[in-house]
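Chemist: This is what each chain is made of:
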Amino acid sequence: MLHDLLIESAARYPDRTAVVDRTESITYRELDEASARLAGELLARGAGPGSRIGLYLDKSLDAIVAMWGVLRAGAAYVPLDVASPVRRVARIVDNGELCCILSTPKRWPALAPAVAFPPAFVGIASSTLQQVERGFAFESSDPSRVAPAGRGAGPEGPDLSRAAYILYTSGSTGQPKGVVLSHRAARSFVDWAAETTGLGPTDIVSSHAPLHFDLSVFDLFATCRAGATVALVPPELNVFPRNLADWIAARRITVWYSVPSLLARLALAGGLERCDWTHLRQIIFAGEVFPIAQLRRLREQIPGARYWNWYGPTETNVCTAYAVDALPPEQTAPVPIGTACANNKLLVMNDAGSVCAPGETGELHVNGPSLMTGYQAMPEATARALVARGDGTLWYRTGDLVREDAAGLLHLLGRRDGMIKSRGYRIELGEIESVLHQHPGVAEAAAVALPDEESGHVIRAAAVAEAGHALDAGELRAFCAERLPAYMIPLSIVVRGSLPRGSTGKIDRLRLLEELSRP
Amino acid sequence: MKYTDEQIFNALAPFFAQDGMDRKEAIAVEPDTDIIAEGLVDSLGIFKLIAFVEEAFTITIEPDEVLLENFQTLRALRNLIVKKLG
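So the protein lines, in turn, are chains A and B.
Mapping of the first sequence onto the numbering used here: residues 1 to 519, in sequence order.
Mapping of the second sequence onto the numbering used here: residues 1 to 86, in sequence order.
No lab work stands behind these hints, which were simulated from the structure alone.
Some hints could be false.
So, partial list: chain B residues that the calculated Cβ filter (under 8 Å) puts toward chain A [as the list claims (entries may be wrong)]:
id, residue
1, Asp32
2, Ile36
3, Ala37
4, Gly39
5, Leu40
6, Val41
7, Ser43
8, Pro63
9, Asp64
10, Val66
11, Leu67
12, Leu68
Away from chain A, derived, C-beta distances all over 12 Å, residues of chain B [as the list claims (entries may be wrong)]:
id, residue
13, Lys2
14, Asn10
15, Val29
16, Glu30
17, Pro31
18, Leu44
19, Gly45
20, Ile46
21, Leu49
22, Ala51
23, Phe52
24, Ala56
25, Ile59
26, Asn70
27, Arg78
28, Asn79
Predicted, not measured: the structure shown is a model, and the values here were computed from it.
The beta carbon of each residue, even a glycine, is placed where N, CA and C say it ideally should be.
Kindly generate the complete structure, drawing on both the sequences and the hints.
Modeler: Spelled out as structure tokens, the structure:
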């Protein structure tokens, strides 16, 4: 099971530092004890295999204890983004039928009133209540409610097919989709990743991604498997590349993993020449395309590190990898996503449903041990995403268009639907449109994504007022801000008399894109 | 041009009332409010804030001045502005 990684590392390296936060740290022994204690508390309240527990916590030592405690209780952890509007978080609590939420005295009161069907019980981090022992104090226990909230579905004892965590991503219909990953899927990726990067107990691995982002799976679990130290990156450093560069060097980070847009900002504005980079041996990026000019610049400034491009939608963990080779000055295309990894198999399929020859463009399908179980409480979406082939094998349709080159390496070419990436965040334009449509004054609305060198994409939207309504763009932005995370709010919203339409009456998105890209 | 501290804080306030913010109600930002930890300025907002300050005080903020210690609070920003104005 996934939590065996902690139990084994705590036995081998009890006094090594497991996690460091700003000024605090926790050893493997302490993490083992605190998480075992929390697991006992959760089990005593009726949670266990089959139940789902929300973590409404800033990334912190408490959050790491909570994550391990939930896993050890046999339950699945569901990270809830504290930076998202509470309305969106409440929809996730609802869809996930969470039996418990672990939070803090500061965070929980903001979310509690928004939750329609409150969890059976709530645990509040007690380290923030100045108690000596790190743990959670439980309130408003209602054990009778645990069963309907999802308890008792799973068998007791170790079962690798049991859900380990659920990560919510943007959904095109407006409802975020919960990607359910099993212990087997997580272990399959983590074992591969720790071995590929050669992680050992002296490594110090950065943890930059929030817990609800799948990059965190490598940081937290692969690091633990190696008995290494994970260093939580203070989120305010995202705003200041020079401070971030200083932090990476001062913490003697040996393995860095993040989205490319952050590395690009470090290369451009981090003042990297000021720092000593001898400790940093691996730089891994995933989540979006790294513009080649900025990757080249980063490599010139930190030449000693090995660079990896990993690829995989949350639904697959990581399914391809590419060790970045020479970047000849004439190369303008982004680096490939490489070849299948972590025992996954890949197929490139054309629209007719047959396998593409090398050189042909098609949609990437993935089969293997690190695949998701499905989307939480969304059987139709699951059936569309996971398709069976004639031989009975199950394949995830990524929606990503790829092409295999003569060397057998895959290249990512784009999407076949309305999903985009901006600063590494996965965004369904449909989710933004669905929010705009909820506004009583909006008759119709469309969101488009314009390619942008720095962030990947910027989003612009247009809305048409309902007859008799006066629509104000500023008010629409505020409306979005109450329902969408900041990275999904359009850079501009234009109120117009109509949207361009094609001959079939469908919104002509290409024309709209053109019109909205004019200054 | 010399500014009092109050003039500087008053000049910065409109940024948080509307310009950079997707909020219905203005948020009271005190001189010592941690505008970064509170999420009032993120990695996109910092560019807007820099542009706002450069225009309001006719100064140029250099890349090596874009540091947490210069932008964490309005008081820190005030110190930077006063230094830039010489």
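Chemist: Could you work out which earlier hints the structure fails to respect and list their numbers in ascending sequence?
Modeler: Hint check: 1, 5, 18, 19, 20, 21 and 26 fail, others pass.
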